[in-house]
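Novice: Sequence:
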Amino acid sequence: MKPLHKLNYCHSYAELGPALSSFVNPTPITAPYLIHANSDLAMRLGVDLGEEEQLAQLLSGKRTLPQWKPLAMKYTGHQFGQYNPDLGDGRGLLLAEFVDDSTQKWDMHLKGSGQTPYSRMGDGRAVIRSSVREYLISAAMTGLGIETTQALALVGSQTPVRREELERAATLLRIAPTHIRFGHFEYLFYSGQQHLIQPLMDHVINWHFPKLKGRKDRFKLFLSEVVKRTAKMIAGWQAYGFYHGVMNTDNMSILGQTFDYGPYAFIEQYQPNFVGNHTDYEGRYAFNRQPGIAHWNLSALGYALSSVLEKDDIEVVLASYVDEVQAQYTGLMRERFGLISSKEGDSDELNHVLALMEKLKLDYNHSYRRLSELTYREWFTEPSFQNPEWQEWMKQYQHRLELDYPNERARITAMCAVNPKYILRTHLAQEVIDEVESGRFEIVDRWMKVLANPFVSHQVPSHWSKPARDGGVNICLSCSS
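The opening residue of the sequence shown carries number 1 in the UniProt record's numbering; numbering runs sequentially from there.
To be clear, the hints were calculated from the coordinates, so they are not data collected in a lab. All C-beta atoms in this analysis are idealised placements derived from N, C-alpha and C, irrespective of residue type, glycine included. Please note: incorrect hints may appear among the correct ones.
What the hints assert, rightly or not - With a straight-line Cα cutoff of 30 Å, these simulated DSBU-like cross-link-like pairs (lysine-lysine) come out:
hint, residue 1, residue 2
1, K2, K69
2, K105, K69
3, K361, K232
4, K359, K421
5, K466, K359
6, K105, K232
What the hints assert, rightly or not - Label pairs and their computed distance ranges (CB to CB):
hint, residue 1, residue 2, range
7, L354, E431, 28 to 34 Å
8, L356, N206, 47 to 53 Å
9, S438, N84, 34 to 40 Å
Whenever a hint applies, use it, and build me the whole structure from the sequences.
Specialist: Dropping the structure here:
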């Protein structure tokens, strides 16, 4: 474990040149205090975060290390389908990059660090509410096996911030191999700096796709890798009922990691056309539209790479997305339903079950868990499974599973390993926010332990593993953070 001042720092992004960033120091927040440090993540990174007070000072902007060269990234992107040239890191800074003992490079990105040249009319701040939500969901997605940026530490303050109401500022230290987005390439393309696209692609290849280094076809393979990673991410979202809410191209990681959490949610009652962002008036980013939107975003990236790649190559690679995301999604859903054997018509049967879930307003993730942990006999006495149509389906489903498993214990073990007992529901995240805003932080640590392994039982309040008392009605949220 190395202390922060002894990490192997590098400045690979800054070396790409001034077109892609501006050097900016954080603007301090007042009376900072550490809400939580992710000790498990720190251990995996080989980082000793040091004393709480010192860490809070560093992440509040009051102090920086001389090895850090904070900068704001410049990028653009399509927001709700419209190109916006005036984007960039408006309230976050790439504090530093470091290389760990396994030669993996990591970005240290401080969210809520103050205004930058790209803040537009924003104040450059993040609030405790949204920062707690991002801190928790980063752990939740990691626990579910869905690619995501991660959060290393969370700091609160007494700095007032005006949103819909007066709130308090926070900072969040986000960790990822890179923060390069689709929007970086769009910026270079639309601003007439196409000559910088190839060096940026090579930067990503050298650090993150090293097997492609030196190959003549590396740029086509680069796009193919981005397509595959994005498809895997989206399949994970759809299989576990995750709704992102703001799938603009500037919120799409080039590594296929879930990125820039805003009004996210895990759907509760199965509602495929769920829209949880109250500013998405037309439902562009509805839950069931996410796979198609990801394809649209990949096409926008492909267009931005057209100065480097042939049009035919771009079209061939982009066309592979549909089969890739379907294959990834089907594989995950087969696991969730405990299906080992493959039969013709499985996809139609899956669609039938989901339609039935929607019709009966069943809780999406809770239903999987109850099917996993209950015996066949208990299925038919489960209060939420009393509808005759659902019971008829369960009879057929039981027969299928009995062909795949030698005994019921094997089936229960396999299914419980992929169907979480605990899901970060919106009302549960709000409980954590309320506690933190009241100065009680223990609940964050308890939830972080639960989310690290949501498939096993924990000694926590029983309602953490259950739908909301109101039946799990899906909640609409604001983008403000």
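Novice: None of the hints should be skipped; say for each whether it holds.
Specialist: For each hint, the structure was consulted:
1. Among the hinted pairs, K2 with K69 is consistent with the structure: their alpha-carbon atoms are about 19 Å apart, no more than 30 Å.
2. Proposed proximity of K105 and K69 is supported: the alpha carbons are some 16 Å apart, at most 30 Å.
3. A distance of roughly 27 Å separates the Cα atoms of K361 and K232; the hinted pair therefore holds under the 30 Å criterion.
4. With a C-alpha separation of about 23 Å, the suggested pairing of K359 with K421 holds against the 30 Å cut-off.
5. The suggested pairing of K466 with K359 holds, with an alpha-carbon distance near 20 Å, which does not exceed 30 Å.
6. Pair hint K105 plus K232 holds up; C-alpha atoms about 22 Å apart against a cutoff of 30 Å.
7. Taking the beta carbon of each, L354 and E431 are about 29 Å apart, inside 28 to 34 Å as hinted.
8. Remark: the range hint 47 to 53 Å for L356 to N206 is upheld by a beta-carbon distance near 49 Å.
9. The supplied range of 34 to 40 Å is met by S438 and N84, whose beta-carbon atoms lie about 38 Å from each other.
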